[in-house]
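Sequence lines, in order, name chains P and V. Quick note: the first sequence uses this note's numbering, first residue 897, plus one each step. Quick note: the second sequence uses this note's numbering, first residue 384, plus one each step.
The reader is advised that the hints may include incorrect statements.
[Stated by the list, open to error] Partner residues are not named here, just some residues of chain P that face chain V (Cβ under 10 angstroms, in silico):
| id | residue |
| --- | --- |
| 1 | Met897 |
| 2 | Ile936 |
| 3 | Asn941 |
| 4 | Val969 |
| 5 | Thr980 |
| 6 | Ala995 |
Hints were generated in silico from the structure; no laboratory data involved. From the three backbone atoms N, C-alpha and C, an ideal C-beta is built for every residue, glycine too.
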Amino acid sequence: MNFLSNNIYYIGCFGLIFIGLYIVLTKKNLIKVIIGINFIDTGVNLFLITIGYIRGGTAPIFSRPGLNPERMVDPIPQALVLTTIVIGVSVLALALSLAIRLYHHYGTLNLRKIRELKW
Amino acid sequence: MLSPVLLIAIPLGFSFLAPLLKKGAKYIPPIAMLFNLILSILLVPQVMRKPIIVLLGGGWPPPFCINLVASPLGILLALLISLVGFLVSIYAIAYIKEGATEKYHTLYLLLLTGATGIVLTGDIFNLFVFFEILCISSYALVAYNGDKHGLESAVKYLIQGSIGSSFILIGIALLYGLFGTLNMADIANNISYHSLQSPTLYVALAFFITGFGVEGAIFPLNAWLPDAHSSAPSTISAILSGIAIKTGVYAIARVTYTLFSAKGFMIFIATIGIITLLIGEMSALGQKKDIKRMLAYSSIGQIGLIIFAFGIATYYGIFGALFQLVNHALAKSLLFLASGYMIYRVGSKELSAFEGLGKKMPLSSLVFTIGAFSLIGLPPFAGFMSKISIISAGIKANNTALFVFVIIVLFATIIEGCYFFRVVQNLYFKKSRDPAHNCVRDGCPTTQKSEMPISALIPIIILALLIVAIGIYPRLVTGIIESAAIGLMDKVGYIHQILGIF
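So here's chain V without its partners, still in its complex pose:
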């Protein structure tokens, strides 16, 4: 019996199994995520024909119960979450050795439970609860190393995140006060009936965008992200950058398109996206001391690009945004995972410490380069396809402001190229520094190859192969992304499927 409920129930159940098995805890997340991965792949053909709606709580018809909606968009993101979660958990088998490892695995699975729940639920309060599961487990995971920087950034993240969650709750309360319902389709139905006139609706929309914007790290609310991503363990940075901030973006898209269908508001979304893009990329260019901080700022920039593409508000724009979201999740988790062991081997996060690493860790350097090129948007890799679809969508939209924004996107790509090529140049075209300086630990000879362990290498290579495969043959994913984009645009269809009216 294939049911989307299992996508949430399996990681939730397995997460509390992890503390019971002290030694075997590290094998629990890969098993759970492998199950999720297979299940979501099996669900894809069924969902493409007709979205599956699961009723929870008494089996009442939709406006009166909590329901899960496995639409193409939801299942696409669930597939992405389980794929990245599976690969990162394999990497973590060798990487996470110190500290309370079984607690790490419990929290890791809870984080993925929250993320899967957010993308599958059809109830706005349920979305808030899953959001809190995701946030609380990520606060704890950022502090997992227990060092000064980890704790400081976790506290920063917690303060900002909990205020953001309170804002979301105020938005939910305002909507409930207006319409007396929590079902997203029912709220959407009511709002299209009122056609966004009441000022309370604008206030609620502002609260939602601020609240989800904290998790999605859009510009004025992004202060926690570089700290949290750079001081967490590399596996957690990968999952936060690849999955957690995407859920914030998903929630913003869901709220603006499905709930409010705020067409006139979209140019504002595009503007904040562009500002986020510029700020993120320019800050990333300034980072020379810490490669993870550079990658984190680059994540902010990419989130800005995705939000800008959502703000174009045409079918092509949404298609480009979702495509870019998938590619960024793959490429950024690849970059964080690859840099994790590279930092571990050279013993420093500084960019200059990576000089000549291409000879010592050839495979890691190669996959790092693939990820970096995909993010810049060079042709044979996946990033090219999504960036060009965003740019062509912006031009096709026939709007002067959007045309100017497209020029800014191209300019930001140049900045992106600058800082990624700097790292690649350090890896391949610079001599490694004098051995005494480079090898502080047990005097290892510099010429010796010190690749990562095999269990860490496999997931990175799979990610790199996926990026190349999508770049060469985009049809691999575009089918489901197209129907997801149509599903997000088609508000009436969404209401109709769930409430069964019209």
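Just chain P, with the same shape it has in the complex:
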């Protein structure tokens, strides 16, 4: 139980990544696959945040006297996550716009039917 409560964030983010991979590998609908990719993105972002997180920590700003630098959370992963969120959103937007165009051509989003290119 102690292990679980200590590592709950790591378990959570890798859970999200594996759920995302499962969706991408098994679902037939393109929209669901795109949602799966977004799951993976979210899981990775949470992982990055978790690495710099301190339980009960403060923001890394000396906003009032008496703040202990030891208890500050690491700001760099948060800056990285801001970047990756932006990247994730742009990939998502591109994927959805491609899905719309694909639907115009094939009339379906079932990936098992969109398979004209083989070998």
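Position chain V relative to chain P; hints supplied.
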């Protein structure tokens, strides 16, 4: 003031200028890339003496800021990127006519910005960001034609590519969690201190190789490449084959040599390289319907050869790998560009449609043949020099497994010869089919020569001349490749130059 920052800043700035000039947009990429080409040539002598390190973000000393490292390896690849990018953009002036052309040029420059950034940066997260710039613009460019096949392959590429990018990010997060730094030299310093014992490091290495392997199309992760390269416009196929997949290979080499210095791991890299080589070449042999798909599979094979040469893990192996990387970039972009107008003229991608084309498009057929011969590795062309240096490096390494792999490389060369000679035979030694079948469009007489427009012909001829020149006089490039190979091997020197310790 010559600074490597301009190599990234100029294409990035010009790319957003393109949509403003609707008509003149097509002249923007050649101008930007010409500038990059001149700048990187001017930087070469300076970099050969001492790598230039540029600090970005506040001017803090290296472990605390983002830095660019213009080492001989970085500047060699930046030179290659700007050269191929410049020639392909000249070709695109006449070739890209339909659709939203100004968006094409914007994305094209962004792709090259990403590629240049990857090879110049010294910060692992910055490398990831440039990687995403490259990937996102290439997803969009693969779908540029807007037809069924282009969209299908773009979606395929996007799904695989974004999972690969997530894997890279997990690797970066693991390294940051271990060492609390993102600077590549600092991470390398920490890892050599820990001497690759922690299991987390192996996990991170596996994530990096999987993630970069998707972009580099190493064997189990190569499913997107033949589709994407064959259904994109020919200029984009050329740039993807010539530049984009090379950045994945560069990243794998950088991670394995500089970051992890995983010497014992290299035989695994050589093995996946050999498997990729065999799978790629054998699949290429089976392609008769689509010449671009054949060239794409051949790219997978060549990437396998380059990765194998990196896996030899000696100075000669790295030298051969970098030499082969340069030659493949020149030859494969030449082949895709030449086949672009040939497909356009005959109206079909099938190999049999190319019969007798040697009479109708003599110059294009000639340069296609030069590119094909260079890839096979026939003597007067550049490919011979690099292939023989890889093979001799494999023999010199004194390792039984590597010796067997060298035999497989020679066997794969025979397969390569089979499918390229088949195309060359179709071009020159077969009568063209009956005119009615061959000329569907406005009844053109078959004997009439229909060469490509002059602006498309010039870049292809320059590429062909470069291949012949390097083949006859390899010293043209070997100087910088040698110092690049030494730079990649010399991990301590890399750390020392950036961190200023030891």
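Practice task
Would you check whether Ala995/P satisfies its interface hint, that is, whether its CB is within less than 10 angstroms of any CB in chain V?
Solution key: holds (7 angstroms)
Problem - Hint check: 10 angstroms Cβ-Cβ cutoff, Met897/P to chain V - result: violated (24 angstroms)
Practice task
Using 10 angstroms as the Cβ threshold, decide whether Thr980/P counts as touching chain V.
Solution key: Cβ of Thr980/P sits 6 angstroms from chain V, so the hint holds.
Exercise for the section: With chain V as the partner, please determine if Asn941/P meets the hint condition of a C-beta pair closer than 10 angstroms. Expected result: holds (9 angstroms)
Handout entry: Interface hint compliance - Ile936/P to chain V, C-beta minimum distance less than 10 angstroms
Key = holds (5 angstroms)
Handout entry: Interface hint outcome for Val969/P [beta carbon to chain V under 10 angstroms]
Key = violated (13 angstroms)
Checked against the numbered hints above, the structure breaks hints 1 and 4 and satisfies the rest.
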